[in-house]
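Reassemble the complex: the two chains are provided individually, in unrelated frames, and hints are given to aid placement.
Now for the letters of each chain:
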Amino acid sequence: MAGTGEELYRQSKKGDQQAFAELYERYAPALYRYALHLSESPAVAEEITHELFLQLIGPYSGFDEQRGTLEAYLYGAVRNLVRVARRNRIFAQSENQAADDDILGDLIRDQRAAALYAAIRELPPQYRDAVLLCELEEKSYEEAARILGCPIGTVRSRLHRARLLLAARMKAAVVSSPAEQR
Amino acid sequence: MLEYAKTGLETGEEFQQHLRACARCNERWEDERFLTAQFRSIRETAAGFRPSDGGRVEIMRKFARSHRRMFVPSFKWVMSAAAVLLLTIVLGSLWRSRSVDQGSPESEALLNVLGEDEFVAVPYAPPLAAGEFVTVVRMELRPTALARMGMDVDVTSANDISADVLVGQDGAPRAVRVLDEAQFKERSTL
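Top line first, the protein sequences correspond to chains A and B. Each residue of the first sequence is one higher than the one before, counting from 0 in numbering that gives the first Met the number 0. Each residue of the second sequence is one higher than the one before, counting from 0 in numbering that gives the first Met the number 0.
Honestly, the hints are just simulated from the structure, not real lab data. One or more of the hints may lead you astray.
[What the hints assert, rightly or not] Lysine-lysine pairs mimicking DSS-like chemistry, simulated, CA-CA at most 27 Å apart:
| # | chain 1 | residue 1 | chain 2 | residue 2 |
| --- | --- | --- | --- | --- |
| 1 | B | Lys-75 | A | Lys-170 |
| 2 | B | Lys-75 | A | Lys-13 |
| 3 | A | Lys-12 | B | Lys-5 |
| 4 | B | Lys-61 | B | Lys-75 |
| 5 | A | Lys-13 | B | Lys-5 |
Pulled out of the complex, with its shape left as it was, chain B reads as follows (with noise of 0.2 Å):
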């Protein structure tokens, strides 16, 4: 009875007669057909009724913030590990440079190599490779060239300074030596 009161479908014959013939019945019908119009009415009523326009822009624009801050972690992440990476390859820099100043295998070979007391390394220079051909070059240098490499000399002096220049096969200097002058002249004679 109730779902056709709800659908309106068409009752057979013998259904209205034992409408006609039961009071009881005829009443619930009466009931039922009663709610579903006011219930109708109530709905027509209420389809009409929304959440505002207002919550609606309000809304949408909090998503597109959410989902606009949803980049803003993954940025600091990579700027974090950016950082990271920066900070170990200066500080793997450092260790390197200080392990041969501080007579690192590599700096004691390259001492073993050149087998003169008078020979300094220079700082920060990239240690020579096993096997690594060096070369001294004979050459007048600036004395703030000198200085730049570690040697102790007058940076005032005008004039240039003989040296012998330890070169490896990359061309970068490993190691200099200031010549006495009055060696130099010797050497030079014969």
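Next up, chain A with everything else stripped away, as it sits in the complex (with noise of 0.2 Å):
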């Protein structure tokens, strides 16, 4: 079964299992990893997509197609979704547990890459949100606009402002520790 997000969105409204499980399919990896890199938590991004497609299932999803793409409204509930896990509980049980096993930064073999990904993490908001999509979801810049909502010139110039911070990172990390050299 072929179609938008949004003619699969409709379809799976109307009780059509087929174009929900492709509409998961489709949207569940790049959802989750892109709450695995908000959340640094493996278990909170687990919750946050199943969350995210419990509410699509439900009568009162939010998703308004006037408003936006459905890719769009996606991205904003993760983010929406992770700011609400850091206040609430289930944040704070599976903190220790993420601090514990970070399986991602633990997976990531190169040294140098493991400290770019810990850069990152550390990037202003919308900095990071444009080095995420852009740079590990590989989102253009169109899509990347259309997911935060800002022109495309925004998401271009955070990209570029992004890249020299962590550039500039990178160095001072190379510097306090001079045995590595890239």
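Written out as structure tokens, the structure is:
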């Protein structure tokens, strides 16, 4: 079954299970990764992805085609749910666990890549979002602009600024530990 | 420069010459290439991350359940509507039969048609239509049959009782009159 995300959403609202399964396959992995990057916790990312699709099933999902694309809505919802999770107990419970098993951080074998990943997490939120979407999720500037709800030029400038900041931080890291060379 | 570093497009000779001449641009170029390579490394590691299969199964099960539930309220509505309709029919028929018993225009019209005080309207009988012909049938009836028609008779009696039954065009009895045995004999000799 092919179709835009919005078409799949409409069909799934009518009870089409196949459409909903395709919607899940199309968006859930990327949304999970996005939630993982933002929350730094696989447990929270799993919970948020689950919660997000539960909202989509429900009668009051909040998605309105007149206001934007489904993709923009989903990524925006993930950002909001991460914020909510930070405030709620669920995050406090799993934060210790996340610190113990930072699975993605551990799996990045290249130390420089691991250091860069840590530096991305420390970026201001708007720069971090641009990096996560354009660099780690390989979204085009147009897609990122739709998701972030800002002009394409803003995405470009945020990404440019983010890369400058990251480069500076990586250099600072090399200076602080001279044994490591690029 | 960023786009060249990101996409890996071939840079021109002029660009390369500038990089060799300009240390600042060369440093920037190396930074961009470094970042692009490291982003790719992170991306490749993260690509294997996805929600658990258990989570997927659970959400699909909840989807199926939530859409099954959608039929329950509609079924309830159908059942409610049917109950209201049934209640309306029952109440309507009760009201109609009561109104006939309690001297409604239809029962009064029936008594006018009869013109005889001895006739008693059969309860729950449908009213006569305007201009409907009636027939009086004289017959021997079991006391229990007369009792069902509302007549005050001795149901323990084994003897049949003579009665005039007023029948509508549809064949249904509308009123009944018990004949005095002596009067019946008197009439039969005429």
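Here is what the structure says about each hint:
1. B:Lys-75 / A:Lys-170: With a Cα-Cα distance of about 68 Å, the restraint between Lys-75 (chain B) and Lys-170 (chain A) is violated, given a limit of 27 Å.
2. B:Lys-75 / A:Lys-13: Holds. Lys-75 (chain B) to Lys-13 (chain A) sits at ~20 Å (cutoff 27 Å).
3. A:Lys-12 / B:Lys-5: Not OK: Lys-12 (chain A) and Lys-5 (chain B) at ~39 Å, beyond 27 Å, violated.
4. B:Lys-61 / B:Lys-75: 22 Å, holds
5. A:Lys-13 / B:Lys-5: Not OK: Lys-13 (chain A) and Lys-5 (chain B) at ~42 Å, beyond 27 Å, violated.
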